[in-house]
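S.K.: Heads up, the first sequence is in this note's numbering, so the first residue is 149 and it goes up one at a time.
Think of the hints as simulated: they come from the structure by calculation, not from any bench. Don't take every hint at face value.
[What the hints assert, rightly or not] Label-pair restraints from in silico Cβ distances: (1) G169 / G235: 31 to 39 Å; (2) Q965 / R609: 40 to 48 Å; (3) D722 / L947: 33 to 41 Å; (4) G509 / G235: 51 to 59 Å; (5) G555 / Y354: 16 to 24 Å.
Note that the Cβ used here is the ideal one computed from N, Cα and C, for glycine as well.
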Amino acid sequence: MSVDYKSTVYLPKTDFPMKAGLSSKEPELLKHWGKLDLYNRQREQSNGKDKFVLHDGPPYANGNLHIGHALNKILKDVITRCQQMLGKDANYVPGWDCHGLPIEWKIEEKYRKMGADKDAVPPVQFRRECREFAEHWIDVQRDEFKRLGIIGDWDNPYTTMTYEAEAQIVAELGKFLLNGSLYRGAKPVFWSVVEKTALAEAEVEYHDHTSNTIFVSFQIQEATTNDIVKGASIIIWTTTPWTIPGNRGIAYSARDEYVRLRVTALGENSLLRIGEEIIIAKSLIDKVTAECAITEYQILLEFVGGELEGTICSHPFNGQGYEFEVPLLAGDFVDMETGSGFVHIAPGHGFDDWELGIKHGLSVPETVLGDGLFAEHVPLFGGNHVFKADVLVIEKLKEAGCLLAAGKIQHSYPHSWRSKAPLIFRNTPQWFISMEINHLREKALNAIEETAFFPSSGKRRLAGMIETRPDWCVSRQRAWGVPITVFVDKETGEVLRDATVMERIVDAIRKEGADAWFASDPSRFLGDKFRAENYEQVMDILDVWFDSGSTHSFVLENRDDLDWPASLYLEGSDQHRGWFHSSLLESCGTRGRAPFDAVLTHGFVMAEDGQKMSKSLGNITAPQEVVEQNGADILRLWVVGSDYSEDMRIGPEIVKYHTDIYRRLRNTLRYILGNLHGFGDAERLEIAEMPELERWVLHRITELDGMLRQACNNFEFHSLFNELHSFCTVDLSAFYFDIRKDSLYCDRVDAIKRRAVRTILDELFKCLTAWLAPFICFTAEEAWLTRFPGEDESVHLRLFPDIPENWRNNALAEKWQNIRNLRRVVTGALEVERAEKRIGSSLQAHPIVYTSKTYIDEMADLDCAEIVITSDVTMIDDPAPLKAFVLEDIDDVSVVSEIAKGNKCARCYKILPEVGTILGYEMACGRCADAVARYLAPSE
RNA sequence: GGGCCUGUAGCUCAGCUUGGUUAGAGCGCACGCCUGAUAAGCGUGAGGUCGGUAGUUCGAGUCUACCCAGGCCCA
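Please put together the full structure from these sequences, using the hints given.
M.R.: Take a look at the structure:
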């Protein structure tokens, strides 16, 4: 009777499904981790170990996550998990940024919709609604982050709006106050005279607007460096005539060409005089002469702007209360497109003006009040409204003989988003942290030198900004934020610097939140020493960047489970100007060093064509959709497989690519699991007893382990990811597994070779599940639990396996590289046979390999047929016949493929002469007959 | 306009530091095999003017300049 050989073959068996079903499986695993309390178990387990603190840059709590959030948090998670598995205590505490304008807007919007005036709402109520709004979005984002598999202290995250945080932020500001770095200065801001309020940049809309334009001459008073300009006047052009009373300087372009020209003929209505000499930019001669009706002129001199250094003009209203010097200053914002090549500088009426003015010590006059009226102290114009001042200014200029031309221009101009009224730049009192008083700039630059940057270009980028930035303006005229808790002496304007007062404020805020500042009587803070009626209480709030720049103090320093400074800050490259920047300044100002040892930046996420994602282009990839349709592990694989030091791309094709990669990794795990069915310690084999091929696998494990540890140290995973994938595909699936399938399926259970293979599979399983755990955290867990089920089990409680050094065997690696080359020639030869329809399966072949003695000696102890998966192989040290198959790049191997002789073993499919000769097993080969005779069913 | 960065097969990445055979890998694609990993597995093959132009050099993906395209941050 015929034997049912099929039932005696040891086929893979596992509950680990081929189809992942991640969208339903992942939530189950999240539940498992919740029950297990994985985060706290990790903490217990790594208690006392070296800490790795990745300090979370807080996202803003005002909407659902986008793909950039997903990239950022997954990257942080991968790094945290890797450090944890390297044996550190990698405790990740997520946080949220809660104060600021966008949330304030949402609440304002709500009131507007109800037809209520937001200004009528008591500040404390308004602030409470902002707080509730932030709380809502923290909950939403927390769930979305958790769904991505991010592990961290989600039950105790930090936020910038807890009372504790607000108190600490105030305490940090107090340090700048007490050491003299914080001062009151002035800065122009967008101002609406209709609403009598400052507007943030984001509240400004640009619309077309018709402005008056004027060309004005400024008489040269003295020229210190040379006399090429003496006796002439500088011509400026402006679209805001009303700013002339605020003029304190003139900017030129140091590298552009200027001319001195003499007017020789004039048009009818020209306001100039024949013989007048003026200085303008060379490239703008035509425009200026046309506008000013200069019909003929003579160029007297040409020179570069730089030569104007040191020139002093007088103000057009000199003699009428404007008796001050108007210096010429080089400004890189001066353009040669419009005007005269000179920009009049009114430090209270423009950002460029202000910055240039501060740099050169110009005064910043307060000319216009909040309601749009010129201050009484402004000569000629006091009490006039700014919107009506243009005409007046033009008239007075004409009287002074300084007006060369007046016109109109239609251009894009800032307007209020609420009232739609045109805005002005108005000088306002603001609070600043000095970059110089306590050497903050120098300290910050030194700190940058001490910091490791990934990629290294980040160092230059950040240093460049610190080198040139002006003092830090930390005040905002807003409601939703941490107050600038400062008192100013009404008489002297002196800032009150008193440690005890500051302590009282901090204590109150710690107990009652920042509202305490707005709701308390000032005497509560001032105590007996200072009288409340003598002091003005500042009602500005802090720049939110000061909040987030202080997180290192109220998170890293104040929490026992963390350490200061952080091991790593990791954010998008925009944070060079944002969080890295503000954290660095805050920490250098208060602690003299950076709050981080290293800074890692990642790029931005683009659509598949490399363009920015936008609703209008319809090329947005939402993380929630990928998670729902493909699974979080796919998104995580995308992060790990991409080079995030540059901009990355995502879209349907890229998601599909990573799904394919995922499938291969999953099937590799599945095959290992299937073939480890019933494996136990008794079956394990010592390395010394293993065949070479198994020892080669162990060597490959040492190589990958080395790459893994290097990748963790450099926070660079995409190369490792490629190596891991290629290991699973090329080394395992196409080579090792393919070869060992025969032994696994057909050898006796107690065969040495089969035991060796299963021991290797066990090692591979332990390594791959650990190595993949930080990347595809769900699937690695699923695989682990399939083999080691239990409510207390988790792959994430493991460390990366320690790989014994004696697994490394470079000589063996080199030898097997040669063997694989030989194998390539054989498979190539078989492919020809297949095309000619002489064989189908490779087991039908018996290749004759013509090769060198070196090869033959090298393979003397090996079963070549087994390695190339044929039924037999003959190796000959002879010259190859002409018809033999060769590969171009392998010169000492030629193959002639013959057909294997014998009958097919019904069990192992090999074609061998012995098949049919074994009594009782006429359909089987010797090995299989023996295996069947001693068949042991796989244990259940 | 300025600072920092990027551009290599349809896709994800190597190679560039230190110039030197015919620019590599995986995925995808095409074709074939297997039917005992089966919505799997194996093999073979086709795909690249290395963003463009000039230059340095005996020789440039690699070095230099300019240009084009894209990104982040400023103006």
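S.K.: To test your reading of the hints: which numbers does this structure violate?
M.R.: Violated hints: none; all satisfied.
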